[in-house]
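So the protein lines, in turn, are chains A and B. The first sequence stops at residue 1569 when you use this note's numbering, and every number in between is there. The second sequence stops at residue 213 when you use this note's numbering, and every number in between is there.
Treat each hint with caution, since some may be false.
Computed far set for chain A versus chain B, every beta-carbon distance over 10 angstroms [stated by the list, open to error]: (1) Ser1333; (2) Leu1337; (3) Thr1375; (4) Asp1391; (5) Arg1442; (6) Asp1546; (7) Lys1555.
Simulated coverage check for chain B against chain A, where a stretch passes if three residues somewhere in it have a Cβ under 8 angstroms from a Cβ of chain A [unchecked claim]: (8) 108-115; (9) 124-135.
If you are wondering where the hints come from, they were derived from the structure by calculation, not from laboratory data. Ideal placement from N, C-alpha and C gives every residue a C-beta, glycine not left out.
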Amino acid sequence: MMLKKHAIVAATLALAALSAQAHDMWFKPSSTVLSKSDWVTVDAAVSNDVFFFNHRPLGLENVKVTGPDGATVEMKNAHKGELRSVFDFKPEQPGTYRVTMLANGVMGGYKDANGQPKRVRGTAEDILKQIPADAKDVRITENVRRMETFVSVGKPSAIANTGKGLEMKPVTHPNDLVSSEEATFGFLLDGKPAANLEVELVADGIRYRDGVSAIKLRADSNGMVKVKFPRAGLFWLSADAQDDKTTVPQAKERRLGYVATLEVLP
Amino acid sequence: MAKKVLKFSVALSAVVGLPAVAAGLDVNVGIPQLQVAEYHKPYVAVWLENADGGVAANLSVWYDVKKRDAEGTKWLKDMRQWWRRTGRELTFPVDGVTQPTKPAGAHALSFAEGKNPMPKLAPGQYKLMVEAAREVGGRELVSIPFEWPVKQATSLSAKGSTELGQVKLDLKP
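Modelling step: build the complete structure from the supplied sequences, incorporating the hints.
Structure representation (structure tokens):
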């Protein structure tokens, strides 16, 4: 049973990495702009339709909340339901709080000594230990995925970049978005401008319109994207990239993902 | 005692000296009577915007000042444009700016140039901005453009349609 579950999870993740249409991961924060320290609750799920709970909850093991000073903020009331995960946190200081999920690992498969195919998924260290020395057809892909959302109390503060994987380097602060003004976002791949990156935006409420109506954008040579949001509301931003700059020698391919939940005010 | 005398003499010279009255503006904010099941007095922000959209002066911010643990500041963000332009930079309560919420009716505010909270304004184009937000209600922003300094007393007005009524601006040279 356990194995089966793992296989399903791995398959789901693989699909999510391959195609944005399969299953999307997302955070849905209760507030993003606060004038006073207050509780914020976040729903997190993996679903077919962005912002609708219709598939499975998001595992919270790799989710972290950090304050404007970079310190970790305690997550309270974490709960994993059948269709969604929930947690609360209380931003106390002025500035920008960041909810981040980093999913870095490897996945793939091999054939054991008897020629039986095996799937593997986990951290690079674990996986390499799992694969026997006599394994054949070892195929390993490295995954570097980041998902985040932002909550500001008072004046928004700067958002730091790590220089690892696919990241957003905001020009317009994510807690400073209004439908009447154009916003600019920069994207980085390992700290360098992600030129020509394809970026997709999906507005909340897919169920209440005839199509997903994703907004497709392409970053310029400096990794910059400009967008005029068609309306206020929650937007799910996603970008994927692929290259061969793996940090795990056994992996030939690296898949990178970036997802952010943005709230646009009227 | 000496302080009192000094104050008196300053006031006296202001009356005697020229110009007799400092330049300034009077704002009258109309809060409409609304027939709704749940009514909360609106939060209102009054500020001056300069030609490039920057904030020239924060004139008045009405919110539930007396709530325990500054709970009233929770909804300041709902005056969205004001919050984004200047509110989030401030620490509350703001001296001479913060005021309690007010009921339906016309509310007169008077500001003299160079006297808190209205600074000396450089000559140019300005906008009087009045934004109202109401819990379990809506949000509305009304603006009145004007030029500073004013040559002669001028009355301008604008009308809100939901959360704000008549907003009047009297400019005094």
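Verify that the Cβ of lysine 1555 of chain A lies farther than 10 angstroms from every Cβ atom of chain B, and report whether the claim holds or is violated. holds, 47 angstroms
Coverage claim, chain A over the region 124-135 of chain B, checked by counting residues with Cβ within 8 angstroms (three needed): holds (count 4)
Take a quick look at serine 1333 of chain A and tell me if its Cβ sits farther than 10 angstroms from every Cβ on chain B, holds or violated. holds, 13 angstroms
Closest CB of chain B to the CB of leucine 1337 of chain A still more than 10 angstroms away: For leucine 1337 of chain A, whose nearest Cβ neighbour in chain B is about 6 angstroms away, the distance does not exceed 10 angstroms, so it is violated.
Closest CB of chain B to the CB of threonine 1375 of chain A still more than 10 angstroms away: holds, 24 angstroms
Far enough from chain B: is every CB of that chain over 10 angstroms from the CB of arginine 1442 of chain A? Arginine 1442 of chain A clear of chain B: closest Cβ-Cβ about 50 angstroms, beyond 10 angstroms.
Within the region 108-115 of chain B, is the number of residues with a Cβ closer than 8 angstroms to a Cβ of chain A three or more? n = 5 at 8 angstroms, threshold three: holds.
Mind verifying the non-interface call on aspartate 1391 of chain A? Its CB should be farther than 10 angstroms from each CB in chain B. holds, 16 angstroms
Can we trust that aspartate 1546 of chain A is non-interface, i.e. its beta-carbon lies farther than 10 angstroms from all of chain B? Since the minimum Cβ distance to chain B is about 38 angstroms, aspartate 1546 of chain A lies beyond 10 angstroms and the statement holds.
Violated hint for the displayed structure: number 2, the only one.
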